[in-house]
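Q: Sequence:
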Amino acid sequence: MPLEEGSSREAISKNIATEREAGKPEQQAIAIAMHEAGKSKADSDKVQAAGTLIVADGNVLFLRRGDGGDHPGEWAFPGGHIEAGETPEEAARRETFEEAGYEPEKLIEIGTTSDGDVEFTTFYHECRPFDVALSDESTEFVWSPLGSWPEPLHPGCRFMLESDAFKAIRKAHMTETDLARAMVAGEYSSPQFFVNMWLFDIRITGTGTSYRSKDEEYVYRPPEEYLNDDFLARCNGLPVIVDHPENSNLNSEEFKKRSVGSVMLPYIKGDEVWAIVRIYNEAAATMMSNEQLSTSPNVVFRNPKLENTVVTLDNGEKGLIEGNPKLLDHIAICEVGVWDKGGPPTGVSTTNVQEPEMTEEERKAKADAEAKDALEAKAKADAEEKAKADAEEEKAKADSDKWEKLMSAVDSLCKRMDSYDGDKNDKKADAMPADEMSIADKKADSDGKKADDDAKDKEAEAAKLKAEAKEEEAKADAAKRESVLLDRVSQLEKLLVETARLAPKPLGDAEYAAMADAQAKADSVYSAFGKSANRPLNGEDLLAYRKRLAAPMKSHSAAWKDVDLSKLEASVFDIAEAAIYADAMGAAVNPAVSPEGGLRAVTRDTGTGHKITTFYGNVGSWMDDFRAPRMHGEINQPNKH
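Following the numbering used here, the numbering of the sequence shown begins with 126 at its first residue and continues without gaps.
Just so you know, these hints were derived from the structure itself, not from any lab.
Be aware that a few hints might be false.
As the list claims (entries may be wrong) - Once the Cα atoms are required to be at most 35 Å apart in a straight line, the calculated DSBU-like pairs of lysine-lysine come out as:
1. LYS646 / LYS382
2. LYS430 / LYS443
3. LYS520 / LYS382
4. LYS296 / LYS231
5. LYS583 / LYS600
None of these values were measured; they are calculated from a predicted model.
Using the sequences and the accompanying hints, generate a full structural model.
A: See the structure below:
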């Protein structure tokens, strides 16, 4: 956005606000605005001022500025200049009393803003409503509800009201419903802690088509059955649980064991139904905040055979068209949901999700791949630019050569005709007697007219040749553009085929089980070193996942530590994996350097959800600190007489 011209305070303030909205830091925004105004650094010395943001019964006090000062007619907080010897807090208290007739006692500093000339420190004060006594600096006042501000608003006040500090203040005055609505509006991120619970933004269900790997079928949920007010009303109070029960539906025991919260504000987002939910379980809230999770709804039909329609797709796979469910039983928090549609988990909205931990080899491989892609993209762009420039140069050169040849041919033809006509007329003039000169003159005039006509015909022929050349050139350009377009279409078709080939397919139950077994097997070794095995990445196949798990442990195996596991075939890797894990566990149980004067704990996973901790080391050395010191003594026996 262009900056406003001028050196007035209003122009500088608007330019600072423009640069601030563009993401510039405060000091940089001020420097740019001052430079635009043609002022030096000395001119940017700021006047210090302070004011008070007063909240009473959920309303904020605004005063409309008079015509005698800066920003006339705009709404702002009570405040003014800091006098010599005053602190910002003292100035805010004094100015509030002078402009509003109220002297606040307890003030809390919430932030500082600057428009280039004035640096304004804002304090927060909460009180009961009071009668405002205006000074002559203001024309009127208003108590405005939180989140609804009068206009036009002072830019510094607007910046403060949109700050994170004031968002926290505003949140303290909200009900849980107010906060949920603000989250839906995008004013607050997910999650938000509120009094004794966490509010999360999660997906209830998607619509359209997806793939259900458990039943090996495609499922279609009609949008008209779910994207309506009736379905939203049915979602209110829906239990939120961790993972589905074994028999799909909840009962008293499963509800007690799995329930962590409930739905409080469902809403429609695009072609999906989302909701703000209450989560009361701290462990569940922590897991949802720190991991990339999804959701899965459980719906019950009265008579599935009648309400749902099963079809056979062109590729022979089964498709299920669902009707209107009889019951919404629960919404489950899980690792992967059907409505992720084969992509990464997206059912739980959170700003705290961390990327999966990567090994040093993976980070290096990723960096190398990114660098290679960047070089290839640059080389491709340079080659395309050079080819385009060469083509334009060749075209311009060909056009120039064609035109020069055409004009040269026309000129040569005209000269030959002129020379021929001149020679012919000269010869006839020399042979004519004096008495035939008049007849010769008439004939010469006739020949001259004919020569002019011939010249016009030649020019017309040249123009025709030029037009034909341009037409041929246009046809060639059209053919070239068509060829380029066809090549582009062909490239896009190949790209679509390659994208479809590379797109991760949903894992089946057997693949999920194999992934879980590999993770449990690796975790039993990792735990011996106080670590945990990484989760599989989206789209990662089983063999690649097993190799990634074994890579950090191969340093403990003398036979395999220098081998690149990624290049091993499956049969060879089976042998390597067993040896690496065995050597790693041996290194954990019998470390090269024994713990000095104590025991070493080694924890292993049994594979059934239990963990066993075994201690290795010198028990006697460990217990020395708790034993009584050793003493030497002698037994005296009385002498027998």
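Q: Is the Cα-Cα distance between LYS646 and LYS382 35 Å or less?
A: At roughly 27 Å apart (the allowed maximum being 35 Å), LYS382 and LYS646 satisfy the hint.
Q: Measure nothing beyond the straight line between the CA atoms of LYS296 and LYS231; if it is 35 Å or shorter, mark the hint as holding.
A: Given pair LYS296, LYS231 holds - Cα atoms ~20 Å apart, limit 35 Å.
Q: Are the Cα atoms of LYS430 and LYS443 separated by 35 Å or less?
A: holds, 15 Å
Q: For LYS520 and LYS382, compute the direct alpha-carbon distance and say whether it is at most 35 Å.
A: Not OK: LYS520 and LYS382 at ~77 Å, beyond 35 Å, violated.
Q: Given the hint that LYS583 pairs with LYS600, does the C-alpha gap stay at or below 35 Å?
A: holds, 25 Å
The structure is inconsistent with hint 3 alone, although it conforms to all the rest.
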